[in-house]
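**Student:** Chain D is already provided as a structure; the job is to place chain R on it using the hints.
So the protein sequences, as listed, match chains D and R. Under our numbering, the residues of the first sequence are numbered 1 to 424, in order. Under our numbering, the residues of the second sequence are numbered 1 to 424, in order.
These aren't lab readings, by the way, just hints derived from the structure by calculation. Remember, it's a predicted structure, so these values are computed and weren't measured experimentally. Possibly wrong hints are sitting among the right ones.
Okay, derived cross-link-like pairs now, BS3-like style, lysine-lysine, Cα gap no bigger than 30 angstroms in a straight line [as the list claims (entries may be wrong)]:
# : chain 1 : residue 1 : chain 2 : residue 2
1 : R       : K182      : D       : K330
2 : R       : K225      : R       : K122
3 : R       : K261      : R       : K233
4 : D       : K122      : R       : K392
5 : R       : K182      : D       : K2
6 : R       : K392      : D       : K182
7 : R       : K335      : R       : K392
There are 2 protein chains.
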Amino acid sequence: MKVVIAGAGFGGLRLARQLNNKAGFEVTLVDRFNYHQFQPLFYQVATAGLDASNISFPLRKVFQRSKNVRIRLAEIRQIQPEQQQLLTDNEVIPYDVLVLAMGAGTNFFGNAQLEEHTFPMKSTVEALQLRYRILQNLENALTVSDPAELQRLMNIVVVGGGPTGVELAGALAEMKQYVLPKEYPELDFSRMHIWLLEGSGKTLSTMSEQSSARSLKYLEKLGVKVKTNTLVKDYDGKTVLLAEGQEPIPSATVIWAAGIKGNVPEGIDKNMIARGNRIKTDRYCRVIGQSNVYVIGDLACMETPDYPQGHPMVAPVAMQMADLVAGNLKLLERKSKKGNQYEFVYRDKGSMATVGRNLAVVDIPKPKMRLGGFIAWMIWMGLHLMLILGVKNRFFVFCNWLYNYVTYDQNLRLIFREFDKPKK
Amino acid sequence: MKVVIAGAGFGGLRLARQLNNKAGFEVTLVDRFNYHQFQPLFYQVATAGLDASNISFPLRKVFQRSKNVRIRLAEIRQIQPEQQQLLTDNEVIPYDVLVLAMGAGTNFFGNAQLEEHTFPMKSTVEALQLRYRILQNLENALTVSDPAELQRLMNIVVVGGGPTGVELAGALAEMKQYVLPKEYPELDFSRMHIWLLEGSGKTLSTMSEQSSARSLKYLEKLGVKVKTNTLVKDYDGKTVLLAEGQEPIPSATVIWAAGIKGNVPEGIDKNMIARGNRIKTDRYCRVIGQSNVYVIGDLACMETPDYPQGHPMVAPVAMQMADLVAGNLKLLERKSKKGNQYEFVYRDKGSMATVGRNLAVVDIPKPKMRLGGFIAWMIWMGLHLMLILGVKNRFFVFCNWLYNYVTYDQNLRLIFREFDKPKK
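Extracted from the complex, chain D is given alone in its bound form (with noise of 0.2 angstroms):
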């Protein structure tokens, strides 16, 4: 059976090694990276707390072994369900069952300034646009006369009070306070502001309340500047426009965080598309209406009685997902029990979210827990510790955490800025 992995996110690399050296399989994974990115630890890229290899892992070390397991480095083009065949920039991949696992891109809302000026964070190579501009703005900032300029140059301004946007605005707060005064002595750091503008009435509003209303604490004790019911209208890369009434904010960095939308290939019928750019799909992961083509985690818009808008977009559904797909897959290639298929059931394990040193919320659902805190924290680190591909990168990821704990002080701030033309 010829699979082909459109995506190697959480839910697709789980998919291929679950068919790794399998029998019957023959697996093609596609991405548009040559790395497994691991988007929980963004932030920390880009607040220069870890080196991008870190939570980086080579698809082809993974696969090292694979006898059944193809690499190709692509953006995904197209599907063509009648020849069942998928076009990349560079080829045209056959199969028998395609497994579209693309997951989330940022979602500017139509809004074209917002995505010329703005940050967005959703890969590896974002985050790292992110750190060097953020280094640079305070090269800047130490040779302009102009006191309006200068503010411009400090202020950063965070859009989306979700985990990105709260995990983010925490580290900042913390370069703030423990690192940047001692390397910039020339300025004034009572002068940078950190703002976190969230469009809802609370911050991680996906979360309990009491988990919410201790990461809201947790950033006002860090000095956020934290925003709620506050929609960001427009961004011109110079102020940040809010509603009629409020004041504008002058910035040079706005993070746009407040938003995904599925990364839907061309090819998928229009009428499957369902809120939010997700592909709507059956309780076997399968898009409606088609037989041999999957969809799983970010991309998928299940629709259940649990969650009729579909499942939240985190890791842990798109694993799940990877997982029922593999067993139903091999259900099908032993064709023993034919039409024998699982549904998909997800089991929540619970969220969290970190804010900063010894700050972390989290919420266990059986047995319902609500944690805060240094435990939480400690558990926050130990399960992202765990989730981290590659033992190398778990030591890597360990020693630069305990670095940062002993000194205060995220030592990665480096602009390797491409300055040339890239060579052809």
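**Tutor:** Below, chain R alone, put in the same frame as chain D:
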């Protein structure tokens, strides 16, 4: 005394550290990067054995507690000796004493085609770009059907048999031998060729006869195709043209390590430029005819009886010149023994290069020793570990080396390309 140091390489950084927190000095250190680069290990960044951050040290971190050293991230544009000021791309910096320590860049000898198509390796960013290109070419090789194009993608040509070329060719040969066949089972690596082209009659020609001969033996043992007495005439991005009668070499990756030239800023008297675009200095490292403009390191051409063409362009010369200038400036500042300035005398402690695992060569002048093999390799590693700035970097380099030694696997094969246009 206002001392402006242009360049934070081995010379410039050393001088700034010598003057750090010394009464009477106000130091401004200017560099185009916000970190010190450990040049001797660029080739390991290019071949995915080390992370770029492992050999980079943020300048602001070095001077975090400094009372008198300011850092400026800027491109140096021009010196104006009469006004005693240095022009950068965003500032005018006045000086009492200027020290030029901008080192050397790649010399393409005026050949625009070579400059456009070959890869230099004189900065961390360039080493990263080379890494990305080598990996991307192998990915592309998977989908080409034309055998000539496939061969072109698999051939790598290193031009220049000095330490950089030898070390890079050796590391590439080890990648080909130990790593790549496991990762690209679809490619036939017996068809991959690593060429090392050298214009003179031998590799490592500045070292002893014995070390030079050993390096050739080691390279051939690793399967590098070494061609001495071979000059590159041209390269159009597809085929390396050699002298009449010599077979051209098709290759998509050509690394240019065949020449360097001093990074001379505008404003230097043309008569003061020596061979290799270096600036002529007196025995005190002062530009001839200027009492308050110094040049140290690769950029300095100090003609002495022992070194009639100037000193070798290596780190120890730069560091010793920095020490000399620091001492002389302190004497000037104290004014106690005005005019009592020391002349530069280079103490050559030897030279070394590594070709591969357990394969290195070391020349020590006093007591005269020529070492090779495992013992030389251990010395090479120990010394480089010592010289790297920062305990954390040293630790991470050590871990990476240990990992690579045990697993035969440099596993930082990650393409962090800025695919998208960087934000303004």
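**Student:** Could you work out which earlier hints the structure fails to respect and list their numbers in ascending sequence?
**Tutor:** Structure breaks hint 7 only.
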